[in-house]
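*Asks:* Protein sequence lines, in the order shown, are assigned to chains A, B, C and D. Its first residue numbered 1, the first sequence is counted upward by one per residue in the numbering used here. Its first residue numbered 1, the second sequence is counted upward by one per residue in the numbering used here. Its first residue numbered 1, the third sequence is counted upward by one per residue in the numbering used here. Its first residue numbered 1, the fourth sequence is counted upward by one per residue in the numbering used here.
Errors might be hidden in some of the hints.
No copy is singled out in the list; a pair is fine if it fits within one copy or between any two copies.
[To be verified] Okay, derived cross-link-like pairs now, EDC-like style, lysine to aspartate or glutamate, Cα gap no bigger than 20 angstroms in a straight line:
no., residue 1, residue 2
1, Lys86, Glu152
2, Lys86, Asp154
3, Lys42, Glu152
4, Lys56, Glu152
5, Lys56, Asp43
6, Lys37, Glu49
Read the hints as simulated data drawn from the structure, not as lab findings.
Number of protein chains: 4
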Amino acid sequence: MNFFKRFSQGNLPLGRIEAFSDGVFAIIVTLLVLDLKVPQLKDPTDVNELAHGLVKILPQFLSWLISFIIVCKFWLNHHNIIRYAKHANYGMIWLNSLFLMFQSFVPFPTALMGQYPSNPLAVSAFGIIMTLSTLLFMILAAYITRNLIKPELDGKKDPTLKWRSLAGPVFYMSGVTMAWIYLPAAFCFYAVTPLFFITPPKMRH
Amino acid sequence: MNFFKRFSQGNLPLGRIEAFSDGVFAIIVTLLVLDLKVPQLKDPTDVNELAHGLVKILPQFLSWLISFIIVCKFWLNHHNIIRYAKHANYGMIWLNSLFLMFQSFVPFPTALMGQYPSNPLAVSAFGIIMTLSTLLFMILAAYITRNLIKPELDGKKDPTLKWRSLAGPVFYMSGVTMAWIYLPAAFCFYAVTPLFFITPPKMRH
Amino acid sequence: MNFFKRFSQGNLPLGRIEAFSDGVFAIIVTLLVLDLKVPQLKDPTDVNELAHGLVKILPQFLSWLISFIIVCKFWLNHHNIIRYAKHANYGMIWLNSLFLMFQSFVPFPTALMGQYPSNPLAVSAFGIIMTLSTLLFMILAAYITRNLIKPELDGKKDPTLKWRSLAGPVFYMSGVTMAWIYLPAAFCFYAVTPLFFITPPKMRH
Amino acid sequence: MNFFKRFSQGNLPLGRIEAFSDGVFAIIVTLLVLDLKVPQLKDPTDVNELAHGLVKILPQFLSWLISFIIVCKFWLNHHNIIRYAKHANYGMIWLNSLFLMFQSFVPFPTALMGQYPSNPLAVSAFGIIMTLSTLLFMILAAYITRNLIKPELDGKKDPTLKWRSLAGPVFYMSGVTMAWIYLPAAFCFYAVTPLFFITPPKMRH
Chain A
1 MNFFKRFSQG NLPLGRIEAF SDGVFAIIVT LLVLDLKVPQ LKDPTDVNEL AHGLVKILPQ
61 FLSWLISFII VCKFWLNHHN IIRYAKHANY GMIWLNSLFL MFQSFVPFPT ALMGQYPSNP
121 LAVSAFGIIM TLSTLLFMIL AAYITRNLIK PELDGKKDPT LKWRSLAGPV FYMSGVTMAW
181 IYLPAAFCFY AVTPLFFITP PKMRH
Chain B
1 MNFFKRFSQG NLPLGRIEAF SDGVFAIIVT LLVLDLKVPQ LKDPTDVNEL AHGLVKILPQ
61 FLSWLISFII VCKFWLNHHN IIRYAKHANY GMIWLNSLFL MFQSFVPFPT ALMGQYPSNP
121 LAVSAFGIIM TLSTLLFMIL AAYITRNLIK PELDGKKDPT LKWRSLAGPV FYMSGVTMAW
181 IYLPAAFCFY AVTPLFFITP PKMRH
Chain C
1 MNFFKRFSQG NLPLGRIEAF SDGVFAIIVT LLVLDLKVPQ LKDPTDVNEL AHGLVKILPQ
61 FLSWLISFII VCKFWLNHHN IIRYAKHANY GMIWLNSLFL MFQSFVPFPT ALMGQYPSNP
121 LAVSAFGIIM TLSTLLFMIL AAYITRNLIK PELDGKKDPT LKWRSLAGPV FYMSGVTMAW
181 IYLPAAFCFY AVTPLFFITP PKMRH
Chain D
1 MNFFKRFSQG NLPLGRIEAF SDGVFAIIVT LLVLDLKVPQ LKDPTDVNEL AHGLVKILPQ
61 FLSWLISFII VCKFWLNHHN IIRYAKHANY GMIWLNSLFL MFQSFVPFPT ALMGQYPSNP
121 LAVSAFGIIM TLSTLLFMIL AAYITRNLIK PELDGKKDPT LKWRSLAGPV FYMSGVTMAW
181 IYLPAAFCFY AVTPLFFITP PKMRH
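Just chain A, same shape as in the assembly (with noise of 0.2 angstroms):
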């Protein structure tokens, strides 16, 4: 048998997917809280020592914020796309493990960012692993939506999602771009991209 092919056999219920994903995306967003870092003070009663070391971490607050919210915005998408499927197959189950793959890596540029807000390098590779998210996640849908969407679901599509789909990657292109001109325009863009996607798709009525 043609071996491509053979990733499109298997008819596998969808619950465990959704188990292991939700499971993936609870530990992402709750392990982000683990690189804020207690500031270590000289006098353990000085309240001024104590407010100056938050400040200082405040890239960091910031960066748990954007990553917190666009991961949740993933979680939304994936649970809406997840939906569309009739069941899973092996070429299904290996896109998402793919795509799972650098949500869970989210930490590490968040750290990054958080601890080095201001060096250019930190800040564009948030932006990319986000691009490179987006685009694994665009590749899953495409995939659900071409090979296993429920007869009734098919042609149901929101024309709109493709372009709000793809300003996620220019979005986050843009950061990228930004973050050699100019630094804090790249948080903005980080922060405003999950913004597209807050609202729902307008093909359910």
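Got chain A sorted already, so can you dock chains B, C and D onto it with the hints?
*Replies:* The following block gives chains B, C and D in isolation, referenced to the frame of chain A:
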């Protein structure tokens, strides 16, 4: 279509929202223990040195204990309120994500308070996060009760619930205030607050 | 209404309690590995130095192994007892949370015992936590059997179960005592105890 | 009753075993990223220094990547084999727990290999753990196929499955051997092995 109205759209099943939320809650309560560090000993076999080391981190144990019970209480209340919803929409999902964001942040103020129990800023930061968490939960609960409540449960609300809910922020903020006056009182306020919610609401029979 | 009686109220489905508990158990057993630190080498390519480094943390591997099996045993017993319940009430949920609190604490005494295997206090602390965990589990089990048992399962209890349950605390406390007399015996007691529970209760047929 | 026979008793539903296993798998793949530490920079804004720091931890990225794919492959195989079982008994649960124990251990050899990629002992330890994991999985699979298989699936086994399963240990052990001869070859063997299992078994149609 109106931007805000779009949030009330969507007819999402509750299963994955519960799975994601349960995952986040389970990870938070379990991650809390990572902040309890084994004391470093000069003589690894010295019982007295270890005993002293453990006594020294008593505030961290206390901080862990209070956080554990508070997060469990939030989980239980979350469990209760989600059961009222007939389904989920985008507004509920984002309010839920925002609430979970503050929950997943809990290990940070817990570590802060555990490490600097005699620093008013550290102790009051804990209470402020808990107040904000409770307010976000109340907004989520109000949103569900107003927009998504199962018809058969409508009007069966526990009349004492609103007052009990308010007790949360009031007590946490009392702890925040006491942190600047008499520190042990702040710990007492934090520890006592979840006890208001350990019995079920009166409405179910 | 009587304060204590309110705990027996509520008719909560078991699904989310199982999901939350399974999540906590799964995270505990997996977090245990984080205490196994890669040894620091002067010469990164030196095989002998690495071999010595790994031998030196053998007590940590042993401590990890014992904890892993004990937590799996608790998960299995928890699994069994929850199946007896027809539904959950607030009393059961709080006993369950208290039990999970001690379970989620396990990584701390595990790290303590792994790092200071020749410190009687560290080794006995492990046994004390396990004893308290077992007692809390017995209380949870007794509560379910008395108040929430499915009618069709009532009276079908394994008569050996009570004695086997008691074996847990007795063996753990023997380990605690031996920690002060002859340390290796304590490790043996801890390792042997879960083996009492690896076969199923006799009642099912 | 015969001691060994008791393990074949019990008629446990598969739901919580799957939930527990999925939780463990999800946590392992996500925890792996914690071993990727942000490089420490003297000048936080220096792009070159950060680039060098990231290049220096390339072996850790590679180690993370290999482990991620291997654990996903185990999850998928686990998913497949559990579906064959009509229910669970104690023997299966303990074999499953033993298998999960080795899985949850994976972050340690991953960190070891990532940190000391030019140390033959570190690189071969990775392969040995993977070999043992695969053997434990084969024992679990054999136990299910012999004792718990759903009647309608019996006899439908993929005849190539046994040979493919053996490919796992053979390739991992080749990697272990190569670690002592030519290190890059060991990495190749480890990376290639999961690719034997990315297509589904032939039996389903």
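*Asks:* Determine for every hint whether it applies to the structure shown.
*Replies:* Do the hints match the structure? See the list:
no.: 1; hint: Lys86 <-> Glu152; verdict: within (10 angstroms within a copy, 23 angstroms between copies)
no.: 2; hint: Lys86 <-> Asp154; verdict: within (11 angstroms within a copy, 26 angstroms between copies)
no.: 3; hint: Lys42 <-> Glu152; verdict: neither (65 angstroms within a copy, 59 angstroms between copies)
no.: 4; hint: Lys56 <-> Glu152; verdict: neither (53 angstroms within a copy, 52 angstroms between copies)
no.: 5; hint: Lys56 <-> Asp43; verdict: both (17 angstroms within a copy, 16 angstroms between copies)
no.: 6; hint: Lys37 <-> Glu49; verdict: within (15 angstroms within a copy, 23 angstroms between copies)
The structure is inconsistent with the numbered hints 3, 4, although it conforms to all the rest.
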